[in-house]
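Engineer: Can you make the complete structure from the sequences, with help from the hints?
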Amino acid sequence: MREIAVVAFAQTRHSAVDEGLGEPELILPVLDEVRERSGLRKFGFTCSGSCDYLAGAPFSFVSALDALGAWPPISESHVEMDAAWALYEAWVRLQHGDVDSALIYGFGKSSQGDLREIMTLQLDPYYLAPLGLDQVSYAALQASACGADRAELDEVVRRSRAAGRDNPYALDLPDPSGDGYEVEPLRPYDVAPITDGAAAVVLAAGDLAREVCERPAWITGIAHRIDPHYLGMRDLARSASAAEAARAAGVGKGSLDVAELHVQFSHEERILRQALELPDSTVVNPSGGPLAANPVMATGLIRIGEAASRIMDGTASRTLGHAASGPCLQHNLVTVMEG
Amino acid sequence: MPSEELIAEHVLEFPGGYTRTTGPVIGRFLTELRDGRIVGVRTAGGRTLVPPLEYDPDTGEAVTGEFTEVGPTGTVEGWAWVSEPRAGHPLERPFAWALIRLDGADTALVHAVDAGDVRAMRPGLRVRPRWRTGRTGHITDIESFVPEVTRIVSPVRTEYRVRPGKSLARFLEGIERGIFLGCRCGSCGKVYVPYRLSCPECGVAITEETELPDTGTITTFAINNLPDPRAPEVPFVSAYILLDGADIPMIALVGDVPAHEVRQGMRVRAVWVPEEERTASMSNIRWFAPTGEPDVEL
Chain A
1 MREIAVVAFA
11 QTRHSAVDEG
21 LGEPELILPV
31 LDEVRERSGL
41 RKFGFTCSGS
51 CDYLAGAPFS
61 FVSALDALGA
71 WPPISESHVE
81 MDAAWALYEA
91 WVRLQHGDVD
101 SALIYGFGKS
111 SQGDLREIMT
121 LQLDPYYLAP
131 LGLDQVSYAA
141 LQASACGADR
151 AELDEVVRRS
161 RAAGRDNPYA
171 LDLPDPSGDG
181 YEVEPLRPYD
191 VAPITDGAAA
201 VVLAAGDLAR
211 EVCERPAWIT
221 GIAHRIDPHY
231 LGMRDLARSA
241 SAAEAARAAG
251 VGKGSLDVAE
261 LHVQFSHEER
271 ILRQALELPD
281 STVVNPSGGP
291 LAANPVMATG
301 LIRIGEAASR
311 IMDGTASRTL
321 GHAASGPCLQ
331 HNLVTVMEG
Chain B
1 MPSEELIAEH
11 VLEFPGGYTR
21 TTGPVIGRFL
31 TELRDGRIVG
41 VRTAGGRTLV
51 PPLEYDPDTG
61 EAVTGEFTEV
71 GPTGTVEGWA
81 WVSEPRAGHP
91 LERPFAWALI
101 RLDGADTALV
111 HAVDAGDVRA
121 MRPGLRVRPR
131 WRTGRTGHIT
141 DIESFVPEVT
151 RIVSPVRTEY
161 RVRPGKSLAR
171 FLEGIERGIF
181 LGCRCGSCGK
191 VYVPYRLSCP
201 ECGVAITEET
211 ELPDTGTITT
221 FAINNLPDPR
231 APEVPFVSAY
241 ILLDGADIPM
251 IALVGDVPAH
261 EVRQGMRVRA
271 VWVPEEERTA
281 SMSNIRWFAP
291 TGEPDVEL
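Sequence order for the protein chains is A and B. The numbers in the first sequence follow full-length UniProt numbering, run straight up by one, and end at 339. The numbers in the second sequence follow full-length UniProt numbering, run straight up by one, and end at 298.
In short, the hints are calculated from the structure, not lab data. All residues carry an ideal CB built from backbone N, CA and C; glycine is no exception. One thing to keep in mind: the hints can contain errors.
To be verified - If you only want the chain A side, here are some residues facing chain B, beta carbon under 10 angstroms, derived:
#1 Ala139
#2 Pro176
#3 Asp179
#4 Gly180
#5 Pro228
Structural biologist: Structure follows, in structure tokens:
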């Protein structure tokens, strides 16, 4: 395998409301930031992650290319997924050996529509979508299946929001309170907040990485695995695919200082900690995680970027970035990085 | 002047909806559903997948062509309660999303359960489909699942004409006048109230009538949390009250005092309805209320 590292990461100061920025306007500042940090203007490969349903317009990701400078034509790709999977595609592309750098970005403005119902559209069209099963409802089925207790969930939210208040890029959310249910057993604060935002990462291979970054976050393991889509065909209390991805990425080969997990509902932290076999000594979501800022389609990439930042700034030596996709943690991507 | 924020309303819609082919496996399931049957498909490993998938999620192998009817009864394995249904939801009243393992299936079906109340939901709950009329071959041909019948409500009502008997009639005459009528046994000397014609202890007729005051002492009491038409509100207190001069307590309501302040030995007095409203009925006495006197040692 070629040595590949995260050498630059940037994210927007995420917003809970639509600040009136068009998508290229949202992306351009983070692209400029990673270009500046890496000193690179041209990239061997560019890949983005976004979801057209968030804007309600087909091929909306194409207009985002205006922020790139894509003429004369560049080598570019897009995934209709969280940009963590764009990073995976870029990592695979760099393994080919003919290019040494890649730019990855993701963005989403979930303030524009009704995210709970937009997420229904990703469900299978025969058995689940026609029932109107919305995102919070299927998450509540999983919360119920895993049997997490209320005090534990409250603590996850309290810790995440407190960390988010210390993170200039995350939202300022108060300690959780109130005893109403969104969909029982989930309370409104168990659900990641509606957020607009974007993020970008630069990957570089071998010597280029050492040249452009003082402490590159070397990707020593990256893998993704997927569970059956239909909720009744799997044990919702566990995430078999996250555990498989963790094994394939070599999570257990050393101790982890930090794990950034794609926890969009508080109960998912418990399931992921178990699947990834994280010890108590690993700090989970010091950024606040998605419960403090959830710019959909950038959220997973931000987990990798946050985990990489801890290595690039010298505060950690081995970290994990996790991204999830699909209903109830169906699809999991695990990235292990080392200094 | 700052310009007004520009906002456009935008709808993404495919008029009439997408047309999707079902393939033979999902198509068979939906066809059976239209006929009011639920089928699963067997995998090579012998599991029955409901709803049927084209591939075994465990192995990735194509499933067998063997379909088997399951249910219609199933068991709720997990559920989440929606107290405020959304526009896209299958029911307009509160309901549960549930994972339902139909009898004969090895996997769970996701659907709605119309249970009425969250307290009706529990793992292990047995449910059956409620079919839509005019089925078309769609997962919503099952309107929702509903709990199996495990109980019924049996109304009981018969009507009577009741006469009080001589002793009670005599006692109620007293009540109409605002007086508690008792009696004293000529054999053992005990004073009973309400008035009666024989002594239950001695088995002899009683002839001596005596008037008792409307004051007494609470000997024991109960705090009642179920509503009763005779009580003003819940919780209410019913008590044994030993009228002054009586040997046997009578049961009555206690009022004008918070339930938690009622105690044994408390002195009370009857609260009568105004004279012009009185009839030969115990409803002449609203309840007994504390007199404020010191408690009595029982």
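Engineer: Holds or violated: is there a CB of chain B closer than 10 angstroms to the CB of glycine 180 of chain A?
Structural biologist: holds, 8 angstroms
Engineer: Does the closest beta carbon of chain B sit nearer than 10 angstroms to the beta carbon of proline 228 of chain A?
Structural biologist: holds, 4 angstroms
Engineer: Would the stated hint for alanine 139 of chain A survive a check requiring a Cβ distance to chain B of less than 10 angstroms?
Structural biologist: holds, 8 angstroms
Engineer: For the restraint on proline 176 of chain A, tell me whether the closest CB of chain B is nearer than 10 angstroms.
Structural biologist: Since chain B brings no Cβ nearer than about 19 angstroms to proline 176 of chain A, farther than 10 angstroms, the hint is violated.
Engineer: Close enough to count: is the Cβ of aspartate 179 of chain A nearer than 10 angstroms to one in chain B?
Structural biologist: Aspartate 179 of chain A check fails; min Cβ-Cβ to chain B is 13 angstroms, beyond 10 angstroms.
Of the numbered hints stated above, those contradicted by the structure are hints 2, 3, listed in ascending order.
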